[in-house]
Structure formats: structure tokens, C-alpha cells
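K.L.:
Model the full assembly from the supplied sequences, consistent with the hints where possible.
Going down the list, the sequences are from chains H and S.
In terms of the working numbering, the first sequence has 14 at position 13, counting the first letter as 1, and numbering is strictly consecutive.
In terms of the working numbering, the second sequence has 1369 at position 137, counting the first letter as 1, and numbering is strictly consecutive.
Treat each hint with caution, since some may be false.
[Unchecked claim] Taking lysine-lysine and the BS3-like style, the derived pairs with C-alpha atoms no more than 25 Å apart in a straight line are:
| id | chain 1 | residue 1 | chain 2 | residue 2 |
| --- | --- | --- | --- | --- |
| 1 | H | Lys4 | H | Lys52 |
| 2 | H | Lys52 | H | Lys39 |
| 3 | S | Lys1421 | S | Lys1272 |
| 4 | S | Lys1453 | H | Lys52 |
| 5 | S | Lys1453 | H | Lys30 |
| 6 | H | Lys30 | H | Lys4 |
[As the list claims (entries may be wrong)] A few chain S residues that face chain H, going by a derived Cβ cut-off under 8 Å, partial list only:
| id | residue |
| --- | --- |
| 7 | Ala1235 |
| 8 | Ile1239 |
| 9 | Gly1251 |
| 10 | Cys1252 |
| 11 | Ile1256 |
| 12 | Gly1443 |
| 13 | Tyr1488 |
| 14 | Ile1491 |
| 15 | Val1492 |
| 16 | Met1496 |
Quick caveat, the hints were computed from the structure, so don't treat them as lab data.
Every residue gets a Cβ at the ideal spot worked out from N, C-alpha and C, and that includes glycine.
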Amino acid sequence: MAKLKLRAHVINREWCKGCGICVHFCPRKVLELDEFDKVVAARPQDCVCCKLCELRCSDLAIEVQTEQD
Amino acid sequence: MPARDYIRERFFPHMWCPGCGHGIVLNGLVHAIENIGLKKNDIVMVSGIGCSSRIAGYMDFHTLHTIHGRALAFAIGVKMSRPDLTLLVPMGDGDALSIGGNHFIHACRRNIDMTAIVMNNRVYGMTGGQYSPLSGHGTMATTAPYTNIDQAFDIVSMATAAGATFVARATAYHVQQLPNILEEAIRHKGFSVVEVMTPCPTYFGRKNKEGSAVNMMDNLKTRTTPIGSKAKQENPSLIERGVFVKKELPEYCAEYQRIVEQAMKGK
Ligand SMILES: Cc1ncc(C[n+]2csc(CCOP(=O)(O)OP(=O)(O)O)c2C)c(N)n1
Ligand code: SF4
Ligand code: SF4
Ligand code: SF4
Ligand SMILES: [Mg+2]
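P.N.:
What follows is the structure, encoded as C-alpha cells:
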């Protein structure tokens, strides 16, 4: 399979509850919570598009879109 | 189809607490259904009452939000009248195994084609943190201030003994396996039981000093292991996850149809 290339992290700030699960378990430490406890992609260049953040989000608040999607 | 096409967006953000594992089950189900390619119109989701049961309101299928403990009874009625539809029955641990325990074992025995998903957070979340039959000895709950002296059921052993033809355990942490196990369960022709261990940070977590939602997810990682792993031999207290039972037996609706045809011939 070709290496996935990131297009964007689509974050729904209204739905994100700031639980921090995606932040903690991201293998590349791409994500952070901002001062409002909403998730942001702080280091998108490090993302390997594993989509674990998307799958672990209880609130369907983060989607990892790749060039291949 | 993106995840959002399977949900009723008008009810989001949902009512579950931050980091509640129930939302991760919803997430996994969406992916499983997308992988199978099921049409929304061919799915019926039937739930009872509980935080977990709220899932039926959030999914954009045919949905029935029924009575605490009785989801399987309603689901069996739907399936008997429309065997062509895919039935999904998410339940809480209290819902499925206290008040609904009898429905649960007999549904397992009958082998009717549907998928029961037990969202096991080891507590009565909705009603304020009372202990459930899955809390286990030594745990704390609002109704067990000096620790719980009841032993827990093992959902997998119980479903297996009662005759379910597909039995699996997954967790909200292992999100690459979760949709795969749900997919296999839904595809299985017969009664499937999937226990999903899910964190309730608000009640089970707080009462048992399990820390944050992140910490509870970490516990699912460190306290479980794949079936038959070397780690299990070395540490028997680890909880196994994976597919425990997968066997073929006559399916209930098909058997019922066979009897109908036999009776119509008058012999
Ligand atoms: C017949 C009946 N008995 C009791 C209740 C109260 N009740 C509502 S939800 C619930 C238990 C919820 O626990 P569980 O099934 O584990 O679901 P969770 O909220 O933890 O997801 C109870 C006892 C009820 N609604 N109906
Ligand atoms: S896709 Fe993977 S690497 Fe990228 S942000 Fe999500 S968890 Fe991190
Ligand atoms: S897992 Fe979801 S709700 Fe939790 S912080 Fe990440 S995006 Fe927000
Ligand atoms: S009380 Fe527990 S089970 Fe209910 S929504 Fe909150 S975390 Fe989830
Ligand atoms: Mg519960």
C-alpha cells in the first residue's frame, strides 16, 4: 500500500469534549489541547495518518483526511 | 460513506461524558457497517435503557429505544417478522445481565440471527454509579461504599455456556480490532455476542480511583491480552480478547420457516 499523505485533520470544535484520548495515544504526538480544551493539530507534519485518533474519539470530533481518501 | 452519514447529526454533540467509551463503540460500529456495506434501511437497532442504550438514538437506522433489560425481546419480535433485516442490539452490562439476564441466556440458546453488543463499563452509569453484576469483588460503587462483595459474571463464559454461536470480547482501546470483530459478528449467521469493555470515567473511574479517561484507556491496554497469548500464561489475571466461539448451528428464523412450510403441507 502506498504511504498515506495527509490532507488535513478535520476537527469539529463543537463536538470535541477535550477528553485528551486522541492527544495521549497519538504515536507521533501530533495533537494538543488548546486553552479552551479543544483539540488542535499542532504538528501536522509529523502525522503518519494511522487514524487512531479518529477511531478512538468518543465524540466523532476528529477526522484524518488523506490525499488517497 | 463518511461516518457522519450514519448518525443523526442533529443530536450531536451527544450526551455521553468526555471520554466515555460508549462513543468509541458507536465509532467502531459505524466503521464496521461501512466495511460491510450495509444499507441504513436494512438495519434495525434495538436498545433498552441506560447511557449505552442512548446509542440507538444517535444512529440513523431504523431504531427502537425500548425498556430496560428487554431489548432482546423486542429485537426477536422484529427479526421474526422481518428476517431479512440486520438486527443490532447494543446493551449496557446492567441492562443485559441484571434485569435482562434471562432474556440474554435464552436468546443465546435460540441462535436467532442478530448481534448483541454488551457495552460493559462495570457500573450502572445512567442511574448514578450503582454496582452491576460486572463490577466484581472488591470494587467501589455508590451502593457499595465499603466495597462490593459480589463476584462478577464473565460475559464470554456465560454466552458460551448458554449456546451463543459467536462470542467475542473487544475493548474501547483496541480500536483497530473493534470494527473487525463487530464486522465478523454482524456477518455471522446466528446469535452473536460481543462484549466491549468500555470506560465510564464519571462513575466507575471516579469511585475506583482509576484516574482520567486516558488512564482508563491505558488500563484496557495493560489488563487485557489476545486469546492464548504467552502473556496470559505468565499472568493469568489478564483478560483475554478476540473471538472465542464461532460455530454453525441451525438459525431460528430459518427453522421457524421450515416448520411453517411443513405445517402448510399438513404433515
Ligand atoms: C424496569 C426498569 N428498572 C430500572 C430502571 C432504572 N435504570 C435505568 S438505566 C439502569 C442501569 C444502567 O446501567 P447499564 O445497563 O450498565 O448501562 P450504562 O448506563 O452503564 O451504560 C437502571 C437500573 C429502568 N429504567 N427501568
Ligand atoms: S492519524 Fe495517527 S499520527 Fe496522525 S494525528 Fe492521528 S493518531 Fe496521530
Ligand atoms: S478524542 Fe475526540 S473529544 Fe477527545 S480530545 Fe480528541 S477530538 Fe476531542
Ligand atoms: S455516566 Fe459513565 S456511562 Fe454514562 S455517559 Fe458518563 S461516562 Fe458514559
Ligand atoms: Mg453499565
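K.L.:
Could you work out which earlier hints the structure fails to respect and list their numbers in ascending sequence?
P.N.:
12, 13, 14, 15 and 16
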